[in-house]
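Take a look at the letters that make up each chain.
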Amino acid sequence: AQKVTQAQTEISVVEKEDVTLDCVYETRDTTYYLFWYKQPPSGELVFLIRRNSFDEQNEISGRYSWNFQKSTSSFNFTITASQVVDSAVYFCALSAGANSKLTFGKGITLSVRP
Amino acid sequence: ETGVTQTPRHLVMGMTNKKSLKCEQHLGHNAMYWYKQSAKKPLELMFVYNFKEQTENNSVPSRFSPECPNSSHLFLHLHTLQPEDSALYLCASSQGWAGTGTDTQYFGPGTRLTVL
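As they're listed, the protein sequences go chains A and B.
Here the first sequence is numbered in my numbering, starting from 1 and rising by one per residue.
Here the second sequence is numbered in my numbering, starting from 1 and rising by one per residue.
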């Protein structure tokens, strides 16, 4: 069975602060995919990144960066110099094995104050 | 239109009403999904369609009836719902055979449903 744990439920920061959102996953499969989605107040889940289990390179996209560590089964997401528009719920998700579904974490509500 | 669209965006219905939610994807994908998102709960997968065929029904009550006439359209027909069915219903699509893990799911904006 697959499991995704986002232990942080709510985070509040002041604009321009850096913030890291944690994600820990569990799977027995050796081939799996990890995702992050952003859900702003409008409701739509916006795809941010997909990572496969064979690619442990960290990724940077503008102010966003992701740290994938198989040794700790973690796929953490850092926002540098946060902005008010980053306020949203962020979901980490896992897909593992053949014909498997996306397993979502419970989400982290990020509030960025001006 | 681009991406995944859903209509209506908001819906209020009584328990005896019949209504339908519509989802349309403009991405050329072959798999489509319905999810339910309730307050304080993780996203719940309801149904999966691949090439218009239903491949997953996640023990969803029969008062929810999906329909997929083609790879671009997905409906969720609602009848005799309960107040606990109030939630955000999200539609998603992906490129190929759903569940392979190689495909990224792209979501619509959702329909916020309130059952009185």
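In case anyone wonders, no lab produced these hints; they're calculated from the structure.
Quick caveat: nothing in here was measured; it's all calculated off a predicted structure.
It cannot be assumed that every hint is accurate.
[As the list claims (entries may be wrong)] Taking beta-carbon pairs under 10 Å as the criterion, some of the chain A residues facing chain B (in silico):
| hint | residue |
| --- | --- |
| 1 | GLU44 |
| 2 | VAL46 |
| 3 | PHE54 |
| 4 | ASN58 |
| 5 | GLY62 |
| 6 | TYR64 |
| 7 | TRP66 |
| 8 | PHE68 |
| 9 | THR72 |
| 10 | VAL85 |
| 11 | ALA88 |
| 12 | LYS101 |
| 13 | THR103 |
| 14 | LYS106 |
| 15 | PRO114 |
[As the list claims (entries may be wrong)] Pair by pair, the computed Cβ-Cβ distance ranges are:
| hint | chain 1 | residue 1 | chain 2 | residue 2 | range |
| --- | --- | --- | --- | --- | --- |
| 16 | B | SER59 | A | THR30 | 25 to 31 Å |
| 17 | A | ASN58 | B | SER20 | 20 to 26 Å |
| 18 | A | SER111 | B | GLN82 | 40 to 46 Å |
| 19 | A | GLY62 | B | SER20 | 35 to 41 Å |
| 20 | B | GLN82 | A | SER71 | 28 to 34 Å |
For each residue, glycine too, the CB sits at the ideal point set by N, CA and C.
If you take the shortest Cβ to Cβ gap from A:THR72 to chain B, is it below 10 Å?
21 Å, violated
Interface hint check: A:VAL46, Cβ to nearest Cβ on chain B, cutoff 10 Å. Holds or violated?
With Cβ-Cβ at 8 Å, under 10 Å, it holds.
Return the status of the interface hint for A:LYS106: holds when the least beta-carbon distance to chain B is below 10 Å, violated otherwise.
5 Å, holds
Please test the hint of 20 to 26 Å on the beta carbon pair from A:ASN58 and B:SER20.
44 Å, violated
Range hint 28 to 34 Å (beta carbons of B:GLN82 and A:SER71) holds or violated:
At 46 Å between Cβs, range violated.
Quick check on a hinted range of 25 to 31 Å for B:SER59 and A:THR30, using CB atoms only.
For B:SER59 and A:THR30 the Cβ distance comes to about 29 Å; the hint holds.
Identify whether the interface hint at A:ASN58 stands, where standing means a beta carbon of chain B within less than 10 Å of its own.
Where the cut-off is 10 Å and the nearest Cβ of chain B is about 19 Å from A:ASN58, the hint is violated.
Have a go at the A:GLU44 hint: is there a Cβ in chain B nearer than 10 Å to its own Cβ?
4 Å, holds
Could you check if A:TRP66 really has its C-beta closer than 10 Å to a C-beta on chain B?
15 Å, violated
State, for the Cβ atoms of A:GLY62 and B:SER20, whether the hinted interval 35 to 41 Å holds or is violated.
40 Å, holds
How about A:PHE68: closest beta carbon in chain B under 10 Å, or not?
15 Å, violated
Hint validity - A:TYR64 Cβ closer than 10 Å to any chain B Cβ:
Hint on A:TYR64: violated, closest Cβ of chain B at ~16 Å, above 10 Å.
In summary, the structure is inconsistent with hints 3, 4, 5, 6, 7, 8, 9, 10, 11, 15, 17, 18, 20 from the numbered list given earlier, while agreeing with the others.
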